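Place chain B on chain A using the hints.
2 protein chains.
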Amino acid sequence: MRVLVYGAGQLAQMMYLAGAPLGIEVEAVDVNTETLVHPVSKLPLEATLAQAIEAADALTVEFEHVPEHLLEQAEKSGKLMPSMEAILVGADRVREKALLDNLQVANCPHRIVTQLDELDRCLQELGDKLIIKASRDGYDGYGQWRLTEAAQLEDIKASLSGLNLQQVPLIVEQMLSFDRELSLIGVRSKSGEIKVYPLTENLHYQGQLHVSVAPAPGVTQAIWQQAQEIFTRLAQGMQYTGVLAVEMFQCGDTLLVNELAPRVHNSGHWTNSGSDTSQFENHLRAIVGLPLGDTQARTPAAMVNIIGCGAFSRDLLSIPGCHLHWYGKTVREKRKMGHINLTADNYQQLGNKMAQLAGYVPSEAFPMLPDEAEKLSKLTEKP
Amino acid sequence: MRVLVYGAGQLAQMMYLAGAPLGIEVEAVDVNTETLVHPVSKLPLEATLAQAIEAADALTVEFEHVPEHLLEQAEKSGKLMPSMEAILVGADRVREKALLDNLQVANCPHRIVTQLDELDRCLQELGDKLIIKASRDGYDGYGQWRLTEAAQLEDIKASLSGLNLQQVPLIVEQMLSFDRELSLIGVRSKSGEIKVYPLTENLHYQGQLHVSVAPAPGVTQAIWQQAQEIFTRLAQGMQYTGVLAVEMFQCGDTLLVNELAPRVHNSGHWTNSGSDTSQFENHLRAIVGLPLGDTQARTPAAMVNIIGCGAFSRDLLSIPGCHLHWYGKTVREKRKMGHINLTADNYQQLGNKMAQLAGYVPSEAFPMLPDEAEKLSKLTEKP
Numbered sequence: 001m002r003v004l005v006y007g008a009g010q011l012a013q014m015m016y017l018a019g020a021p022l023g024i025e026v027e028a029v030d031v032n033t034e035t036l037v038h039p040v041s042k043l044p045l046e047a048t049l050a051q052a053i054e055a056a057d058a059l060t061v062e063f064e065h066v067p068e069h070l071l072e073q074a075e076k077s078g079k080l081m082p083s084m085e086a087i088l089v090g091a092d093r094v095r096e097k098a099l100l101d102n103l104q105v106a107n108c109p110h111r112i113v114t115q116l117d118e119l120d121r122c123l124q125e126l127g128d129k130l131i132i133k134a135s136r137d138g139y140d141g142y143g144q145w146r147l148t149e150a151a152q153l154e155d156i157k158a159s160l161s162g163l164n165l166q167q168v169p170l171i172v173e174q175m176l177s178f179d180r181e182l183s184l185i186g187v188r189s190k191s192g193e194i195k196v197y198p199l200t201e202n203l204h205y206q207g208q209l210h211v212s213v214a215p216a217p218g219v220t221q222a223i224w225q226q227a228q229e230i231f232t233r234l235a236q237g238m239q240y241t242g243v244l245a246v247e248m249f250q251c252g253d254t255l256l257v258n259e260l261a262p263r264v265h266n267s268g269h270w271t272n273s274g275s276d277t278s279q280f281e282n283h284l285r286a287i288v289g290l291p292l293g294d295t296q297a298r299t300p301a302a303m304v305n306i307i308g309c310g311a312f313s314r315d316l317l318s319i320p321g322c323h324l325h326w327y328g329k330t331v332r333e334k335r336k337m338g339h340i341n342l343t344a345d346n347y348q349q350l351g352n353k354m355a356q357l358a359g360y361v362p363s364e365a366f367p368m369l370p371d372e373a374e375k376l377s378k379l380t381e382k383p
Numbered sequence: 001m002r003v004l005v006y007g008a009g010q011l012a013q014m015m016y017l018a019g020a021p022l023g024i025e026v027e028a029v030d031v032n033t034e035t036l037v038h039p040v041s042k043l044p045l046e047a048t049l050a051q052a053i054e055a056a057d058a059l060t061v062e063f064e065h066v067p068e069h070l071l072e073q074a075e076k077s078g079k080l081m082p083s084m085e086a087i088l089v090g091a092d093r094v095r096e097k098a099l100l101d102n103l104q105v106a107n108c109p110h111r112i113v114t115q116l117d118e119l120d121r122c123l124q125e126l127g128d129k130l131i132i133k134a135s136r137d138g139y140d141g142y143g144q145w146r147l148t149e150a151a152q153l154e155d156i157k158a159s160l161s162g163l164n165l166q167q168v169p170l171i172v173e174q175m176l177s178f179d180r181e182l183s184l185i186g187v188r189s190k191s192g193e194i195k196v197y198p199l200t201e202n203l204h205y206q207g208q209l210h211v212s213v214a215p216a217p218g219v220t221q222a223i224w225q226q227a228q229e230i231f232t233r234l235a236q237g238m239q240y241t242g243v244l245a246v247e248m249f250q251c252g253d254t255l256l257v258n259e260l261a262p263r264v265h266n267s268g269h270w271t272n273s274g275s276d277t278s279q280f281e282n283h284l285r286a287i288v289g290l291p292l293g294d295t296q297a298r299t300p301a302a303m304v305n306i307i308g309c310g311a312f313s314r315d316l317l318s319i320p321g322c323h324l325h326w327y328g329k330t331v332r333e334k335r336k337m338g339h340i341n342l343t344a345d346n347y348q349q350l351g352n353k354m355a356q357l358a359g360y361v362p363s364e365a366f367p368m369l370p371d372e373a374e375k376l377s378k379l380t381e382k383p
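Chains as they are written, first to last, in the UniProt record's numbering: chain A, 1 to 383; chain B, 1 to 383.
Okay, chain A solo, but in the shape it has when bound (with noise of 0.2 Å):
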């Protein structure tokens, strides 16, 4: 079988790996150059992008900002999965709000935006800590503004002066105190079968994804059944096939969703070690029409990031269930250049590993570490 992947990153190349041992042959499009490469070596292969939408069995997606052109000649064959517009949704803030709020799913309070003097309103409306966010390409801490007094909101106006909030209206959202992120990381079948991992909890530094660890520690059941609801209502909601990510704020006892991804997702990269199969195996299963697989977690996992930074000790690997992913990029200042997973016994041994691994990495790297080796390590939770 073959699968067909719009853009070339550390994703495309995790889905190859995952496809390969099931006899599926993924291949990449350069959505730049709108040319087809090898999901590992990033060489160029042969055939044409037309060719190779007709000889795939299925077409899909690594990110959600693939040229709407590209998108609407995938769908045209029929074989894109998820749909042109769940992954439309994942693109566009807009679509993104729509879709929660028909789905009557419960998110962030927020307005969107098409003209600067509503900004005032909002302020009245949503108080004056607020998160504005361009409804599109915001990606990752970019293209994001916090107001936190009302005095900011004409600093902020100027610098949002330059847009054509028209074209690309803004989504402006209340600041809200929450208690942390999770992710829930799940997969519908092209029959409509869910299946989905247990919660992730995600800790940011900067706008960025540095650490994940799974499953969340302190889920009650309350919580655990409001993510359940919550993902199936979407899933179903959409018709989607393959995998797909929701970020959630909990806050006391509520889930708010703050964004979906439609496809395999960072926070999703603890299932290579941690669960029997991976977010990257279920998603081939999916959209190739073979029978999920088992989204358990086996053991406690953590997943950290490697950002901006590729000089670090490779005798980190010297640490049981410690497992290095090197995305083979050029070193640049923000970029993900690889991540590392870990798998304990329990949450406390994951935290001492967590500590060790601290201890191989540069500090300023990998900010996040020996804080939450301690939060950890010191659990007596079961997961």
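Accuracy of the hints is not assured; some may be wrong.
Listed next, the stretches of chain A that the computed footprint assigns to chain B, with coverage defined by at least 3 CB atoms under 8 Å from CB atoms of chain B [unchecked claim]:
#, region
1, 18-31
2, 146-157
3, 309-320
4, 324-330
Derived from the structure by calculation, the hints contain no laboratory data. The structure displayed is predicted, hence computed values, not measured ones. For every residue, glycine included, the Cβ atom is placed at its ideal position computed from N, Cα and C.
Here is chain B on its own, set in the frame of chain A:
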């Protein structure tokens, strides 16, 4: 980093898949054409063999029957691991027996025969139940003759008469009544660190491995101790680097070494699902000088070979903990087409899953499943 593997079959493919996350690029050598191919797609690569040897950080083999002039060229580079000597031990039973005897590792009573009339003395000294093997190119049941009563000797002599026994001597072994075959897969680093996986029990049918179960049930402390000592003596004795597989017969409380494979091994394929670090990853880690990974079994696991069969329902993937490894080859009788890994929380569950699996595959190609499933499903032992 780059690793060049002599041989372009499924073992090279699985090394490629294990290497990519570590940033290790694995290339394969088709030893017939002496050209480079991609280990998964088998498409030709641009470099020549000489260039690839030059560019590689390490050279290794996926099978021991690599033409000697290629091994010599590889050995000259100083990067071949394991060494040519260790590889030839796996390819030549005369060398193998000499090594076992030199290192005082228990093995089957045997004689080396270079003239047909020596067979009569073998009968006198070893008894009239014998296995006669060509010392080279014997592989998976081919090139073996069985003598179960003295009267057969003349017929066997006749069928051996075409062989050049001076060049390729015969190994004549006493046919032992052993309890079972076990293998120990382990790995030795460049610096001499050794890690071994748990013992694996192997079930053969018509000379081919059909099912492996790990950890082998019912292993006493004495057997486990012996296995580790045997592995250590062999790996240290050869100054071995990489994964080494030791096939042994268990006769009561004693282990006798049957065969060595200087490479990743079919009976270690379960490590992809049942242990933290697969044999493929550990082989690569060893030969490029990375720390070895954890070799403990996470759960009981079984590996089921798919032999000479391509038609089976992919719905077997609906069994939780079931993973397919398909090699993408044309179906031929007796050919290893792929394998299926199963994991479970305990042996009973493993047996139940194996019984489920038997429902998805043609029984004539998987003759060992029903009995083994039943046996496992009755085991109360904790792995």
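How the hints compare with the structure:
no.	hint	result
1	18-31	holds (count 5)
2	146-157	violated (count 0)
3	309-320	holds (count 5)
4	324-330	holds (count 4)
In summary, the structure is inconsistent with hint 2 from the numbered list given earlier, while agreeing with all the others.
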